[in-house]
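Visitor: Residue strings, one per chain:
2 protein chains.
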Amino acid sequence: MEENKNNFTELSELGEFLLINKLTKNNKIKNNSTKKAIGDDGAVIEYEDNYQTVITNDVLVEGIHFDFSYCPLKYVGYKSVVVNLSDIYAMNAKPEQILVSFAVSNRFSVEALEELYQGIYMACDEYGVDLIGGDTTSSKIGMFLSITAIGKVKKDNQVYRNTAKETDLICVSGDLGAAYLGLQVLEREMKINKDTNVEPEWNDKEYLIQRQLKPEARRDIIELLEKNYIVPTSMIDISDGLSSEILHLCTQSKTGALIYEERLPIAEITRKTAMEMELVPSTAAMNGGEDYELLFTVKLSDYEKLKELEQISVIGHITHQSEGINIIATDGTQVPITAQGWNALL
Amino acid sequence: MEENKNNFTELSELGEFLLINKLTKNNKIKNNSTKKAIGDDGAVIEYEDNYQTVITNDVLVEGIHFDFSYCPLKYVGYKSVVVNLSDIYAMNAKPEQILVSFAVSNRFSVEALEELYQGIYMACDEYGVDLIGGDTTSSKIGMFLSITAIGKVKKDNQVYRNTAKETDLICVSGDLGAAYLGLQVLEREMKINKDTNVEPEWNDKEYLIQRQLKPEARRDIIELLEKNYIVPTSMIDISDGLSSEILHLCTQSKTGALIYEERLPIAEITRKTAMEMELVPSTAAMNGGEDYELLFTVKLSDYEKLKELEQISVIGHITHQSEGINIIATDGTQVPITAQGWNALL
Chain A
80 MEENKNNFTE LSELGEFLLI NKLTKNNKIK NNSTKKAIGD DGAVIEYEDN
130 YQTVITNDVL VEGIHFDFSY CPLKYVGYKS VVVNLSDIYA MNAKPEQILV
180 SFAVSNRFSV EALEELYQGI YMACDEYGVD LIGGDTTSSK IGMFLSITAI
230 GKVKKDNQVY RNTAKETDLI CVSGDLGAAY LGLQVLEREM KINKDTNVEP
280 EWNDKEYLIQ RQLKPEARRD IIELLEKNYI VPTSMIDISD GLSSEILHLC
330 TQSKTGALIY EERLPIAEIT RKTAMEMELV PSTAAMNGGE DYELLFTVKL
380 SDYEKLKELE QISVIGHITH QSEGINIIAT DGTQVPITAQ GWNALL
Chain B
80 MEENKNNFTE LSELGEFLLI NKLTKNNKIK NNSTKKAIGD DGAVIEYEDN
130 YQTVITNDVL VEGIHFDFSY CPLKYVGYKS VVVNLSDIYA MNAKPEQILV
180 SFAVSNRFSV EALEELYQGI YMACDEYGVD LIGGDTTSSK IGMFLSITAI
230 GKVKKDNQVY RNTAKETDLI CVSGDLGAAY LGLQVLEREM KINKDTNVEP
280 EWNDKEYLIQ RQLKPEARRD IIELLEKNYI VPTSMIDISD GLSSEILHLC
330 TQSKTGALIY EERLPIAEIT RKTAMEMELV PSTAAMNGGE DYELLFTVKL
380 SDYEKLKELE QISVIGHITH QSEGINIIAT DGTQVPITAQ GWNALL
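Going down the list, the sequences are from chains A and B. Using my numbering, read the first sequence as starting at 80 and increasing by one per residue. Using my numbering, read the second sequence as starting at 80 and increasing by one per residue.
With the rest of the complex left out, here is chain A (with noise of 0.2 Å):
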């Protein structure tokens, strides 16, 4: 970016105001519940009676979160909303708002707001949401975005994290360990190029490259439960990865677990590409993070309604707190689940 730099329109040149009006000029309301987008003090949201606010809100931060190096401006936008997005629909909720606030260096160019900025739309408009305000100011160095996503339930019919209760199933959505594959690949190809100046060849980890530059959240799980009449007892999702989210699900509802590792979901791909890097897929698939699948548990009956639905795979059970929460290996012994999760503070 910096080597450019004189060819691209400099924030300073614009000012605030105008710099929201050119990143927000295309802006569409598609939710009826959006009364008042960009433009005022606030946003101004109703939903019909009966419903329910579900509010979240996450930082990303340059070099923390995303590197420039290896990820476009545009995917830092769309990984933003959908990140906040999954917190939404990981509540049973249906996100119909976001407000982005970010704080940028004069380092970034007009442009490069710009290409933030499309892929923020992108995933507006792949998830049917309205964004509805913000802020805009200056940092020292680096950038940083605020994502804000509010969505609405149906007056209980919320899931939290909880209300797990003993013997029931222990699901996940998708597969999980691409995201941390696609990062170490993505990793090693830029380690290559920067050393040998070879554009990187991908060859088949496409796969696990989108799962790290373009996770998408699992609306359509959430609506596959509904259609089949399956309402989750707690449900989370997937971020620091699963044996940190599994620890917060059962510390939480005050249960312990039992996960097999035989049953952890995991791609082809991924399990090829951690033996080619000589890492173990079921470690990736437990403390990978950013999979951004669902992590939920059902009653048991309702184990005939979801043993027909390929995208969800059962790998455990609910236990009493005094069995703790442990792994079944693949050799059968039985081993206690530590978070070994990305720790955002570390």
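Just so you know, these hints were derived from the structure itself, not from any lab. All C-beta atoms, glycine included, are put in the ideal place defined by N, C-alpha and C. A hint or two may mislead.
[What the hints assert, rightly or not] Pair ranges (Cβ atoms, derived):
{"hint": "1", "chain 1": "A", "residue 1": "Gln289", "chain 2": "B", "residue 2": "Ser148", "range": "45 to 53 Å"}
{"hint": "2", "chain 1": "B", "residue 1": "Ile108", "chain 2": "A", "residue 2": "Lys384", "range": "49 to 57 Å"}
{"hint": "3", "chain 1": "A", "residue 1": "Asn236", "chain 2": "B", "residue 2": "Glu341", "range": "58 to 66 Å"}
{"hint": "4", "chain 1": "B", "residue 1": "Val414", "chain 2": "A", "residue 2": "Glu89", "range": "29 to 37 Å"}
{"hint": "5", "chain 1": "B", "residue 1": "Val310", "chain 2": "A", "residue 2": "Lys386", "range": "54 to 62 Å"}
{"hint": "6", "chain 1": "B", "residue 1": "Gln197", "chain 2": "A", "residue 2": "Gly403", "range": "50 to 58 Å"}
{"hint": "7", "chain 1": "A", "residue 1": "Gln289", "chain 2": "B", "residue 2": "Arg267", "range": "54 to 62 Å"}
{"hint": "8", "chain 1": "B", "residue 1": "Gln197", "chain 2": "A", "residue 2": "Lys384", "range": "49 to 57 Å"}
{"hint": "9", "chain 1": "B", "residue 1": "Asp235", "chain 2": "A", "residue 2": "Arg342", "range": "48 to 56 Å"}
{"hint": "10", "chain 1": "A", "residue 1": "Glu245", "chain 2": "B", "residue 2": "Asn307", "range": "58 to 66 Å"}
{"hint": "11", "chain 1": "A", "residue 1": "Gln197", "chain 2": "B", "residue 2": "Gly403", "range": "34 to 42 Å"}
{"hint": "12", "chain 1": "A", "residue 1": "Lys109", "chain 2": "B", "residue 2": "Lys244", "range": "25 to 33 Å"}
Could you slot chain B onto chain A? The hints should help.
Guide: Just chain B now, with coordinates in the frame of chain A:
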């Protein structure tokens, strides 16, 4: 902070979840509308029927919005919340919840963040607001705060910026320019302090410094107007300076405005300090910013009710768009108002 670092607890000693637990261990929920606070993927809010949700987000950056050389962390926390609540009041709404997210470098200790949260909770108590969630992450340098405030307003009672009408009276609450002069005093004293190592003496400047370091949102004005059956025709809070806000209000309402310099409410100590510093008091009032007073318009017919209210000054009136946005100086000359407010991006 650096000097004493070894006496404090490093963030890495705790990790994200223990840190959040420590910072929010005394979290008390005050509002019935808060159905789920900290601890899940999202927070849940539920209002009575016929209420709308007002939502706003601000990002505050170390070195841009606050400077720890003269701003204690407790006040940074307090002010960060208050400036967001001010936006909610400016919509004629009542704030009931906030989300607080931050990114900090390891320069900050656990104790420093506890001081920040002390200020955040002080504001929550003062304004009857619940802390319901947020996000915690690391930054490579500095502190970034993101505050989302959520309020409720009875359907159709919200007041926008774009609804001022010709002949409406233009009003401001409290007095203007004090926060700007407070900043000048702080910067001057800090410079003297640095040069001579003498502790600053604020003398009679406490009011100005308090306006800068610990501003208040004008909930009392919203309540006063309601009590007197005055519904503003438009409203905005004064964060960037009166000039900038009157331009927003008139541009969005497609009107002109005429303001009288002699009617600008300026506290005696603001006037006196401005003179001492060879600044024009009315320039500080027009362009100073950070007063967090309310700028609003009312129907001409509300004048009788309004004139008894000490905390409110009528400073001019709305004109036809073709007449432009002007100020009548004390010498009788008419000057167009231009935005010289502090531009967050420059």
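Visitor: A separate judgement is required for each hint: does it hold in the structure or not?
Guide: Hints, verified against the model:
1. Gln289/A with Ser148/B: 45 to 53 Å: holds, 46 Å
2. Ile108/B with Lys384/A: 49 to 57 Å: Since the Cβ atoms of Ile108/B and Lys384/A sit about 36 Å apart, the hinted range of 49 to 57 Å is violated.
3. Asn236/A with Glu341/B: 58 to 66 Å: holds, 59 Å
4. Val414/B with Glu89/A: 29 to 37 Å: holds, 30 Å
5. Val310/B with Lys386/A: 54 to 62 Å: Taking Cβ atoms as reference, Val310/B and Lys386/A lie about 59 Å apart, which means the hint holds.
6. Gln197/B with Gly403/A: 50 to 58 Å: violated, 37 Å
7. Gln289/A with Arg267/B: 54 to 62 Å: holds, 56 Å
8. Gln197/B with Lys384/A: 49 to 57 Å: holds, 50 Å
9. Asp235/B with Arg342/A: 48 to 56 Å: With a Cβ separation near 54 Å, Asp235/B and Arg342/A satisfy 48 to 56 Å, so the hint holds.
10. Glu245/A with Asn307/B: 58 to 66 Å: holds, 59 Å
11. Gln197/A with Gly403/B: 34 to 42 Å: holds, 37 Å
12. Lys109/A with Lys244/B: 25 to 33 Å: With Cβ atoms ~31 Å apart, the hint holds.
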